[in-house]
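Trainee: Going by the numbering used here, the sequence shown opens with residue 4, and the numbers climb by one from there.
Hints are supplied without guarantee of correctness; some may be wrong.
What the hints assert, rightly or not - Within a straight-line C-alpha distance of at most 30 Å, the following computed DSS-like cross-link-like pairs (lysine-lysine) qualify:
no.	residue 1	residue 2
1	K159	K68
2	K109	K202
3	K67	K52
4	K52	K158
5	K68	K158
6	K158	K67
7	K188	K68
8	K158	K113
9	K159	K32
10	K113	K52
11	K68	K124
12	K89	K159
13	K32	K52
14	K202	K126
15	K68	K89
Hints in this document: simulated from the structure, not taken from any laboratory.
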Amino acid sequence: VANGMGMDARIGRRFLDAGIGFGGSCFPKDLSAFIKISEQLGYDFTLLKEVQRINAHQMERFVKKITETLWVLKDKTIGVLGLAFKQNTDDVRMSPAIDLCQRLLKGGAKLRVFDPQAMEKAKAILPDVTYVNDMNEVAAGCDALVIATEWPEFKKLDLERAHRELTHPILFDGRNLFDPAEMEKLGFIYKSVGRPEAKG
């Protein structure tokens, strides 16, 4: 559907990728403001309310997918790639990646995390996680690996090394960076958003 819509020049392919949701300091706040202004003017802006609901639901579904795959989160070690709300920024305000980390921590998981730019800012929000300085070292000893931000460098992740160093070769791709068929060939249990799973 996204590919078909993206072929229309009036819409474009950009920003049509499935994922764990949008965030940042502007869009969620603007969305809430438009809904509130509409209510003050006597209009029930159901379309924007539905955008908010679906955005929240994307995260809930993804966390449920992780939890059900691992059976429980308590005492599991999970590697998380990405903390910024989007690529090419250190901004962690209202970041879906931060929200994801907080939910995993609340469930009792231990986290090893990496982000190319946002780790310093994330430390104030996530003090109780292990910060790793190399994306290829995050997987070591983890029960699963999660991609939370669409940094292009994550496409260059050493997947063979990750497969060796994970206690279970499980990768949850919240940004659909990899091809499920290729991940199947590499032996991963691979779960992304809105696509078939690879069963390893």
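Trainee: Give a verdict on every hint.
Mentor: Evaluated hints:
Simply put, K159 and K68 have alpha-carbon atoms about 24 Å apart, close enough for the 30 Å limit, and the pair holds. Distance hint between K109 and K202 is fulfilled; the C-alpha atoms sit about 27 Å from each other, no more than 30 Å. The hinted pair formed by K67 and K52 meets the criterion: a straight-line CA distance of about 23 Å does not exceed 30 Å. Between K52 and K158 the alpha-carbon distance is near 34 Å, which puts this suggested pair outside the 30 Å criterion.
Between K68 and K158 the CA atoms are separated by roughly 22 Å; this keeps the pair inside 30 Å, and the hint holds. Between the alpha carbons of K158 and K67 the distance comes to roughly 24 Å, so the proposed pair stays at or under 30 Å and holds. Of the pairs offered as hints, the one joining K188 and K68 holds, with about 22 Å between alpha carbons and a cut-off of 30 Å not exceeded. Distance hint between K158 and K113 is fulfilled; the C-alpha atoms sit about 24 Å from each other, no more than 30 Å.
Between K159 and K32 the CA atoms are separated by roughly 33 Å; this puts the pair beyond 30 Å, and the hint is violated. At roughly 34 Å between alpha-carbon atoms, K113 and K52 are farther apart than 30 Å, so this suggested pair is violated. A C-alpha spacing of about 28 Å is found between K68 and K124, which places the hinted pair at or below 30 Å, so the restraint holds. For the hint linking K89 to K159, the alpha-carbon distance of about 17 Å falls within 30 Å, and the restraint holds.
Simply put, K32 and K52 have alpha-carbon atoms about 13 Å apart, close enough for the 30 Å limit, and the pair holds. At most 30 Å may separate the alpha-carbon atoms for a hinted pair to count; K202 and K126 exceed this at roughly 34 Å. Between K68 and K89 the CA atoms are separated by roughly 22 Å; this keeps the pair inside 30 Å, and the hint holds.
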